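Trainee: We have chain X; now place chain V with the ligands onto it with these hints.
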Amino acid sequence: MKLWAVANQKGGVGKTTTAVILAGLLAERGARVVLVDLDPHASASGWLLSGSPRREGVGALFAGADGAPPIESLLEPTSQPGLQMLRATPALAAVERRLATQSGMGCVLANALGALRAETDYVLLDCPPTLGLLLVNALAAAERVIVPVQTEPLALEGLRRMRETLAMIGRSQGRVIDHWTVPTLYDQRTRASRDVLELLHADFPEGLWPGVIPVDTRLRDASLAGELPSSFCPRSRAVGVYRMLLAALLGERPRDAAVTWDDAPETLPLDEEVAA
Amino acid sequence: MSPGNDCGTPDALQAYLDDLLGSGLATACGVTDGSAGEDVQAAQARDRRESGYRLLRAGSVKVALPEAAVAVSVRVSTAIAEVGHSEQARCWLDLASMLHGRPVAVASPTVGVPLAGAPGWGLSVDAEEEIVQVTADTVTWREPRGARRWLAGLIEVHGAVVIDPAALIEEAEVHGIQGAV
Ligand SMILES: Nc1ncnc2c1ncn2[C@@H]1O[C@H](COP(=O)(O)OP(=O)(O)OP(=O)(O)O)[C@@H](O)[C@H]1O
Ligand SMILES: [Mg+2]
Numbered sequence: 001m002k003l004w005a006v007a008n009q010k011g012g013v014g015k016t017t018t019a020v021i022l023a024g025l026l027a028e029r030g031a032r033v034v035l036v037d038l039d040p041h042a043s044a045s046g047w048l049l050s051g052s053p054r055r056e057g058v059g060a061l062f063a064g065a066d067g068a069p070p071i072e073s074l075l076e077p078t079s080q081p082g083l084q085m086l087r088a089t090p091a092l093a094a095v096e097r098r099l100a101t102q103s104g105m106g107c108v109l110a111n112a113l114g115a116l117r118a119e120t121d122y123v124l125l126d127c128p129p130t131l132g133l134l135l136v137n138a139l140a141a142a143e144r145v146i147v148p149v150q151t152e153p154l155a156l157e158g159l160r161r162m163r164e165t166l167a168m169i170g171r172s173q174g175r176v177i178d179h180w181t182v183p184t185l186y187d188q189r190t191r192a193s194r195d196v197l198e199l200l201h202a203d204f205p206e207g208l209w210p211g212v213i214p215v216d217t218r219l220r221d222a223s224l225a226g227e228l229p230s231s232f233c234p235r236s237r238a239v240g241v242y243r244m245l246l247a248a249l250l251g252e253r254p255r256d257a258a259v260t261w262d263d264a265p266e267t268l269p270l271d272e273e274v275a276a
Numbered sequence: 001m002s003p004g005n006d007c008g009t010p011d012a013l014q015a016y017l018d019d020l021l022g023s024g025l026a027t028a029c030g031v032t033d034g035s036a037g038e039d040v041q042a043a044q045a046r047d048r049r050e051s052g053y054r055l056l057r058a059g060s061v062k063v064a065l066p067e068a069a070v071a072v073s074v075r076v077s078t079a080i081a082e083v084g085h086s087e088q089a090r091c092w093l094d095l096a097s098m099l100h101g102r103p104v105a106v107a108s109p110t111v112g113v114p115l116a117g118a119p120g121w122g123l124s125v126d127a128e129e130e131i132v133q134v135t136a137d138t139v140t141w142r143e144p145r146g147a148r149r150w151l152a153g154l155i156e157v158h159g160a161v162v163i164d165p166a167a168l169i170e171e172a173e174v175h176g177i178q179g180a181v
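First to last, the protein sequences are chains X and V.
Counting in this note's numbering, the first sequence runs from 1 upward without gaps.
Counting in this note's numbering, the second sequence runs from 1 upward without gaps.
Bound conformation, chain X alone (with noise of 0.2 Å):
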């Protein structure tokens, strides 16, 4: 079982999207996927779970003591074969509030998908953007970290934010964790876009994937329709561009292989350069 965590501690940069897409199409190539949504605000479990009854959700885990449900019974299906998620509640706010002062809670949820482990190829955490209990949680039970970056100028401060905390709980468990740093919302016409992007590769190109996911109408579209991009717009150029980060992320391509739209014959259009 691999754990992988979308996290950055700034807001709307793409952590739910990225987290929803790469399940969807790890789901599709046959894996046994559990998207946990870890944000209070829901938006992974409104995304892929509207239809379905209310139910507890992955905040039912940090109930210590007073009895937390075995994880398996938490799980929800999603209109994707192999793919299931564990959803957020409002109530993961006051679980952050509750339970943040007592040591060791940091571990709870690292422990309670050890036994999903059997029957799991991928979890994949999608992360609020305070670092709290949820987030250092999913830090730690994480393998590897995907950071997805905005490519706009307030974006640098709050990866230089997420490297230190990355840093921090990689101290506190003695290892260095993963990360991969993932432009997003890309718009080539820009030059914010294009700035930052090229600081991107100047300041901080210790874990960065040379790709960039463009700005691409289609995923908005995909989550209103409360449906999967692999299966709503599965030949957008974004969901062409997550593929080959995914294939990145398998060892199936180089990781600094540079990205470009010649590699995604699924997408469209053919000729356009997506990377430096």
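I should point out that these hints are in silico values taken from the structure, not numbers from a laboratory.
From a predicted model like this one, the values you see are computed outputs, not experimental measurements.
Be aware that one or more of the hints could be misleading.
[Said to hold, decoys possible] So, partial list: chain X residues that the calculated Cβ filter (under 10 Å) puts toward chain V:
| hint | residue |
| --- | --- |
| 1 | M1 |
| 2 | K2 |
| 3 | G104 |
| 4 | G106 |
| 5 | C107 |
| 6 | A110 |
| 7 | E164 |
| 8 | R171 |
| 9 | G174 |
| 10 | L197 |
| 11 | L199 |
| 12 | L200 |
| 13 | E252 |
| 14 | D256 |
| 15 | A257 |
| 16 | V259 |
The C-beta atom is built at its ideal place from N, Cα and C for all residues, glycine as well.
Mentor: Coordinates of chain V with the ligands only, in the frame set by chain X:
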């Protein structure tokens, strides 16, 4: 205390994280095979104290690899040829050569240990020994890590050097892969 995005000094934040994560023990948070429905706090208390390490032998050096770092898919000793066949292509790091800093004659048959969370990577070692549970206070961490960051510490009772696989891969990526099979 709950750190917001900007409150607290880095030291205070580090102390808070250490506390949340069980006072700085490596793999305290390893994803464990806790049985379903097990009392969460009991599981936590146990995990904070004990971690599993896989003991391996490479170039006559005994090393310990955090159990959580070993890919689940291959849990038994397997010749690299077989692993390479059933698994997607991996880059096998020859641990003996990396430990000695020069090419070391490879024992045969070699054992391949695929790494979790790093689908492209595995370690090739001479032999795989048992899996041990050690309490955190028996691990001496190397602080600061120094040049070879991936030599993370020592488990004295087992005479084994603790390897940080992520740092090992990082070194291989940065300095080229000496001893890749
Ligand atoms: N590549 C993209 N192209 C167009 N719109 C996108 C893209 N990625 C994300 N969006 C949109 O941007 C908004 C923010 O994205 P998302 O919710 O994934 O970010 P987030 O980091 O999870 O936000 P939060 O911090 O609030 O949880 C959403 O409306 C989403 O539909
Ligand atoms: Mg989100």
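Trainee: Go through the hint on L197(X) and say holds or violated, using the shortest Cβ distance to chain V against 10 Å.
Mentor: Since the shortest Cβ distance to chain V is 22 Å, the answer is violated.
Trainee: Min Cβ distance, V259(X) to chain V: is it shorter than 10 Å?
Mentor: Since the shortest Cβ distance to chain V is 17 Å, the answer is violated.
Trainee: Do the numbers back the hint for D256(X), that is, is its least Cβ distance to chain V under 10 Å?
Mentor: holds (9 Å)
Trainee: Is the shortest C-beta separation between L199(X) and chain V less than 10 Å?
Mentor: violated (21 Å)
Trainee: Quick check on L200(X) please, does its C-beta sit within 10 Å of some C-beta on chain V?
Mentor: L200(X) check fails; min Cβ-Cβ to chain V is 19 Å, beyond 10 Å.
Trainee: Hold the hint about A257(X) up to the distance rule: shortest CB distance to chain V must be less than 10 Å.
Mentor: This hint is violated: A257(X) lies away from chain V, its Cβ roughly 12 Å from the closest one there, beyond 10 Å.
Trainee: Report holds or violated for the interface hint on E252(X), using the least CB-CB distance to chain V and a cut-off of 10 Å.
Mentor: holds (7 Å)
Trainee: Tell me if the interface restraint on R171(X) is satisfied: Cβ within less than 10 Å of some Cβ in chain V.
Mentor: Result: holds, 7 Å to nearest chain V Cβ.
Trainee: Can the hint on A110(X) be confirmed by a CB-to-CB distance to chain V that is less than 10 Å?
Mentor: With a closest approach of 4 Å, the A110(X) hint holds.
Trainee: For the hint on K2(X), just tell me whether its beta-carbon gets within less than 10 Å of chain V.
Mentor: Nearest chain V Cβ about 6 Å off; hint holds.
Trainee: Given G174(X) as an interface hint, is its Cβ closer than 10 Å to any Cβ of chain V?
Mentor: The hint holds - G174(X) has a Cβ within 10 Å of chain V, the shortest such distance being about 3 Å.
Trainee: Please check whether M1(X) passes as an interface residue: C-beta within 10 Å of a C-beta belonging to chain V.
Mentor: holds (6 Å)
Going through the hint list in order, the structure does not satisfy hints 10, 11, 12, 15 and 16.
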